[in-house]
Each structure stands twice: as C-alpha cells, then as structure tokens.
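Asker: Respectively, the protein sequence lines represent chains A and B.
Just so you know, the first sequence maps onto residues 1 to 366 in this note's numbering.
Just so you know, the second sequence maps onto residues 1001 to 1366 in this note's numbering.
Since the hints were derived computationally from the structure, they do not count as laboratory data.
Glycine included, every Cβ here is placed at the ideal spot set by N, Cα and C.
One thing to keep in mind: the hints can contain errors.
[Claimed, not checked] Taking beta-carbon pairs under 8 Å as the criterion, some of the chain A residues facing chain B (in silico):
(1) P97
(2) N99
(3) E105
(4) A127
(5) H147
(6) R277
(7) L281
(8) S290
(9) I294
(10) A297
(11) Q328
(12) E329
(13) H330
(14) S344
[As the list claims (entries may be wrong)] Using 25 Å as the maximum straight-line C-alpha spacing, the simulated SDA-like pairs for lysine to any residue come out as follows:
(15) A/K207 - B/S1114
(16) B/K1133 - B/S1114
(17) A/K205 - A/T130
(18) B/K1334 - A/K341
(19) A/K258 - B/N1045
(20) A/K341 - B/R1253
(21) A/K189 - A/S166
(22) A/K207 - A/F259
Protein chains: 2
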Amino acid sequence: MVRPPKLVILKTPVESGNIHSPAFIVNEQICRSNISRMAEKARLNKLIFRPHFKTHQSVEIGEWFRAEGVNAITVSSVSMAHKFADAGWGDITIAFPLNIREIDEINQLAGKVSLNVLIDMPEQISALSTSLKHPVGFYIKIDLGYHRAGIEPANTELIERIIGYSKSGQLTFKGFLTHSGNTYQASGKQEIIAIHESASQELSKLKRKYQSDNPGIIVSCGDTPSCSLAEDFSGIDEIRPGNFVFYDLMQLRIGSCKFNEIAAAVVCPVVSVYPERNEALIYGGAVHLSKEAIINADGSRNYGLIIPFVDGRWQSPMGDDWLVSLSQEHGIFKTESTWAKSLSAGDLVAVIPVHSCLSADLLRSR
Amino acid sequence: MVRPPKLVILKTPVESGNIHSPAFIVNEQICRSNISRMAEKARLNKLIFRPHFKTHQSVEIGEWFRAEGVNAITVSSVSMAHKFADAGWGDITIAFPLNIREIDEINQLAGKVSLNVLIDMPEQISALSTSLKHPVGFYIKIDLGYHRAGIEPANTELIERIIGYSKSGQLTFKGFLTHSGNTYQASGKQEIIAIHESASQELSKLKRKYQSDNPGIIVSCGDTPSCSLAEDFSGIDEIRPGNFVFYDLMQLRIGSCKFNEIAAAVVCPVVSVYPERNEALIYGGAVHLSKEAIINADGSRNYGLIIPFVDGRWQSPMGDDWLVSLSQEHGIFKTESTWAKSLSAGDLVAVIPVHSCLSADLLRSR
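Using the sequences and the hints, build the whole thing.
Answerer: Dropping the structure here:
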C-alpha cells in the first residue's frame, strides 16, 4: 500500500523526485542559526532561555537546541510534555492554564521531570493541591492586554489566594508569566517594543511586591516578536519564544524576521494552471497549511506566499504570488509574476506558510 | 506514558470521565439517519449515490453507508483512496484534479479497484496515458462559477482535446463532473437552488453534446447544500455530497440542515473562566477545530458554537455563546447566556464546529 511519507522533518536540499504530496521542509542551517542567535541573546542578557517547543514538536530539532546549551523547555499541552519527557527533557513548563481534567497525567509527569504549570484561577490550584503526589512548580499567568488567559495584575486578591497554595504540600510558587500575544497584531517594531517594555515593567512590579515573602520567584515572558526585536530585557528573568525557530509569513509581515531567516516551507505539487484567470491549483490545502491568513489592505485573505523551489531548496520570492483560497486539499494562487505564469502541472512550488506552528502540527502526523 | 486517546470516533453517549482533552464525538443515530435520508433521496430520483468520504475519513462510518446499499465512493486524495481500497471499497472516484506526481500511486490503485480520476488540463491526461498499466475512468472537471478548479463549459477546444484520450490504451471518458462550492457562499435556499439548477442544465447540455460519440457518459454534481435542499435533480446522473454525514455550523447557517441533524461535535474541557470580561477558556484550539470561521454581520469571526454537554450528549444551544478566538491550543468564548456564565473549570462543553470536515481531519490522528 502506498502512503505519503511521514513528513516529520525533511531537510533541504530535498530530492524533488520523492515529493508527490505536500511536504514540510526545514532548512537546517537557517534553523540552527535562528536557535543559536536567540540562545546568544539570552546569554548576553543573562536570561533563562526556555524555548517553546510547540512550534516544531520535533525531537530531532529539540536536539539542535540542546547543542546550544538549552536544558529547560516550554510546551503547550500535557501530551507534548510527555513526548519531550520521553525524549530526555527533564525541566518542562506547560504554558497553558492548568486543565484539571489532566491532573492524573500531570502527576505521572511530575514523578519523572521537574515540572511547572500555569495557574490563572484558584479552583485550578485547589484541585491540584489535593491530588498531587510529586513536587510541581507553578507560575501565575498574568494578562497584560492580550486577553486570552491570565489574571489582571491589579487583581491582587486573586493573585494572593493562589500564592497561598505555595509550600502547602507539593506546590511551589515560581513566579509570574505572561504571553504578549498582542505583539502579533502590532504594526511595527516600535509598537512591539512598547508592548514588551510595558509587560516587563508590570511583571517586575509584581515580582518586587511578592519576592520578599517568596524568595527566588522569577518573571517569564517572551513571544517571538518581542524576543526578536527587543534589545533591553531588564526586569525579565526568562524568555520563552517558540515561533522564531522557523519564523513564517506572519512574522515577516510584522517585522520580526527577514526573509532569509525563515527556516521552513511547505513544498507542494502544481496540479493545474488556469491562465484565463491568472490562477493555479496546488495540492496543498487547509489540512496542510491551516486556514490561518494574513488580511491584506483590501480585506482579502492571504494564505501563504508561493515561491520557486529549485534544486531541492526554496528560493527568493519572484513577485506577489499568494494563495487566495484554501479548501480541504486545494490551494489556489494568483499567478502575478512572470515566473508563476510559466508554471505547469507537475512542477513543485514552495509555500511560506502564514503560521508555521500550525503547518508543522498538521504535517507532522501525515 | 499517558497519551490522549486516539479519537477516531467516539459515539454518544460518551463517558464524560474519560474526556481529558478535546474529543470528536458522533451521534450515530443522527449520522445514520442523515445517510439514510440522502440514500433514499438518491433512490427516489434515480441517482447514483457516490458519497464523499473526505468528511468522515472513517472506515467504521463507511460501513454505515454500505448498510444503505452504497458501493461507490468519492475521496479527495490518492492516500484516502488507498485507505478505503484497503477497507474493501471497489469503486472510487478521486474528486481532485489529477496530480501527475502521483501517477505511480494511481497505477497501484487502478490494479486493485475500479478507479476514476478528474482531469482539467490536457497535460494531466497526456502524462497519465503514457504511464498507465490498468484501466482508469476519467471525468472532465467543469468550472461552473466556483472558480476553484475545472474547465469552463464554453471551452470546447480544451474539452475535446481531453476527450481525445478516451479509448486510447487504458483510459475511458466517463463524463462531466462539477462541484458547486459557491453554494457555501449562498444566502439562502433560493440562491442554492438557482446554483444547483444552473449547474444541472450546463452539465446536461455538455452530456447531450458529447454522448453520441461517447455513449454511457454521465454527469455528476452535488455539494451538500444542493443535495440537502433541492428536490429536482433532472439532468443529473450522480450526486457526491460529503459534509451532510455530520453537517456543521456553516451548513446550519446557510440553511442546509436543522440543528437536530448535526451529527458531530467536539467536546472540550473548560479550563478557566474570566467573569470580568464575560469570557472563558477551553482546551480546544486551531489544532482541534481548525481556523475556519463564520463571519458575523459586524465582521467579527465565529469559530464555533458552545453548547452544554450533559450525560454524555450535547444539548440544544442555550444562547449566543461563540468561540471568538482560537490559537494553537486555546479557544476563548463569550459567555453570553446565563448557562455559560455558570460554567467552571473542569466542566465539559460541546463545540459545534464551523467546518466538520476539517475538525474530523484534525482529530482523527490524535
């Protein structure tokens, strides 16, 4: 029986003849250089570097981090924590508020590794405290304007109720953590830096307020835009960027990276061309790229940048060749450039995905 | 090691205690009744019923179709065709234009089952004709306004070049096929029926034009909105709806189904509640639900309807409780109803997904 290859990670240069269906490919050199640059920035700024592994979810790429001296990681789910614990990672923060339905799985993890969880409701830590069999550290998740998860810094009543569980049984309060996801909606470097600085100040204010009673607490932040663009990390103890390992079109758009720092692409076969409407069809749809989109100035949606794939490597963009629609398996792109107009059935193109985390997640299990 | 269960298919009533992470669940009774109703409609209208299996991708649900007398199916990828060939399906149409990079895999399939492919470019069939080792039927994909794939019906020069490959070697021209995906953007039953009738007329015109030279050719159409709402199928020989097996929020919105015909939901744990902003966090994000959204009248995006999950079954909606944002693992919903405001950490809710095909695809491999 023929099945598409399990595309956990294909590295450039890729043997083009082997690509029959959408394939997630990584440029190891760029990827290692992204890792190395961020590790160096952390060292220079005396920051704990706890990279988020949700982007790549790859044991192999994890080893590239280990080669840079990384030994503490962040994940976004309990199952991901188990995967990396099995791969030999011994210090893991699950950067997702505690799901009390997973306390059994958390107990098993806590028996094996040094584990930190996130708390943003007293009910979560109350449930955890009564069933924990092994030591677990907890961070209080602070909401500094992204309004996804977390407690507002002014809500000291809630914060103090949660801190109250520290040292009772197996639980230790480790500090304050935030994710400034609002940098993804920022319109440039200046706005990103402003969000980053305000977050640093708010978190270090909390640290100062609570550190005498809780010595050793730290503050942790660091989304990819902030960590890529900021130079000043005063007030911060730990950064947890994830996306920078690959970057993507969204990061390019908001200015977090240059094109030649993008380390991943999805290679797709051209299936048909429709010269009468300046469009072409690729085998590559929502189940490979996700429906994450960039909104163009005119309100239209852009699902990925189409670029040449030559000699097993993606090349520089040739023009404004964008995916304008995606269905389950189909991707349609506008052939704006002369290069794109010359494509024919059976050619391969590379797609720079809008959101590499989602594309990597979709293609890792196929 | 703990892993989330492989959620290929969980049937209601589900044992709630077993749900720790997002789970795709199916109400078998509703699902079988959707299948049975569509099979009956096909019988009454003397149509070949070739359901699209891309929605469920489940061998078990496939058997529910077989129990209704179905023996011919549609899939959207070569790998899906292999999967269902292995499960004993002997008559398969791959309703995606021929990807010439997959000709080897197509040859292997054609040696095992009665296989049909889609052609919308002479280059595709030319490549196929020189390498085919077993008989394959082909349909010409016609574009009737959706502008995703296909040849415009007026382009008889292209159509005739493709038909020219029939009976040369292993290839047989089987007829004309379309997918009126534009019904998904329709604003009500009347517009859907108008699209359906126009498609039927255009395809049967093509059939009349070419059937004397190609006896036995058929016309095939049938997206879920058309097949759910139309009563008149004159001019059509075959229907291929897929989504109707589950339906979803999008279909409910465009009027293809009633709420009590929706056969699938994603059950998610409530992780946190934020009463100060009338929002709550579920464990359920883009990697479980996809980023497919319905656009509300005010331009905001709606990623799924939150409803109660009681005694292992989802219930009727209690109010306007919608997912307003999704990231990789997080879903945030507005707690508009009194019911939603009373939820707390550890409760389970059901999400009616916007697009059940994508949710089923995401959750089948976890």
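Asker: Evaluate each hint against the coordinates.
Answerer: Here is how each hint holds up against the structure:
1. Of the supplied interface hints, the one on A/P97 holds, with its beta-carbon coming within about 5 Å of a beta-carbon of chain B, less than 8 Å.
2. Interface hint status for A/N99: upheld, as the beta-carbon distance to the closest one in chain B is roughly 5 Å, under 8 Å.
3. Because the smallest distance between the Cβ of A/E105 and any Cβ of chain B comes to about 4 Å, under 8 Å, the interface hint for this residue holds.
4. The restraint placing A/A127 at the interface with chain B holds, with a minimum CB-CB distance near 7 Å, inside the 8 Å limit.
5. This hint holds: A/H147 has a C-beta 6 Å from the nearest C-beta of chain B, less than the 8 Å allowed.
6. Taken as an interface hint, A/R277 checks out: its beta carbon lies about 6 Å from the nearest beta carbon of chain B, inside 8 Å.
7. Interface hint at A/L281: satisfied, since its Cβ lies 5 Å from the closest Cβ of chain B, which is below the 8 Å cut-off.
8. Taken as an interface hint, A/S290 checks out: its beta carbon lies about 6 Å from the nearest beta carbon of chain B, inside 8 Å.
9. With 8 Å as the threshold, the beta carbon of A/I294 stays out of range of chain B, its nearest partner Cβ sitting at about 12 Å, so the hint is violated.
10. Interface restraint check for A/A297: the shortest CB-CB distance to chain B comes to about 15 Å, outside 8 Å, so the restraint is violated.
11. Taking 8 Å as the C-beta cut-off, the interface hint given for A/Q328 holds, the closest approach to chain B being about 6 Å.
12. About 5 Å separates the beta-carbon of A/E329 from the nearest beta-carbon of chain B, less than 8 Å, and the hint is met.
13. Taking 8 Å as the C-beta contact cut-off toward chain B, the hint placing A/H330 at the interface holds, the least distance being around 6 Å.
14. The interface hint given for A/S344 is met, as the beta carbon of that residue sits about 6 Å from the closest beta carbon of chain B, less than 8 Å.
15. In summary, the hint linking A/K207 to B/S1114 is not supported, as the alpha carbons are separated by about 68 Å, beyond the 25 Å threshold.
16. For the hint pairing B/K1133 with B/S1114, the CA-to-CA distance comes to about 13 Å; that is within 25 Å, so the pair holds.
17. Proximity of A/K205 to A/T130 is assessed by CA-CA distance (about 31 Å); at most 25 Å being required, the pair is judged violated.
18. Distance check on the hinted pair: B/K1334 and A/K341 sit about 45 Å apart at the alpha-carbon level, beyond 25 Å; violated.
19. Distance check on the hinted pair: A/K258 and B/N1045 sit about 58 Å apart at the alpha-carbon level, beyond 25 Å; violated.
20. Only pairs whose Cα atoms come within 25 Å are accepted, and A/K341 paired with B/R1253 is rejected, the gap being roughly 38 Å.
21. Restraint check for A/K189 and A/S166: the C-alpha separation of about 38 Å exceeds 25 Å, so the hint is violated.
22. Using a Cα cut-off of 25 Å, the hinted pair A/K207 and A/F259 is violated, with the two alpha carbons roughly 37 Å apart.
Checked against the numbered hints above, the structure violates hints 9, 10, 15, 17, 18, 19, 20, 21, 22; every other hint is satisfied.
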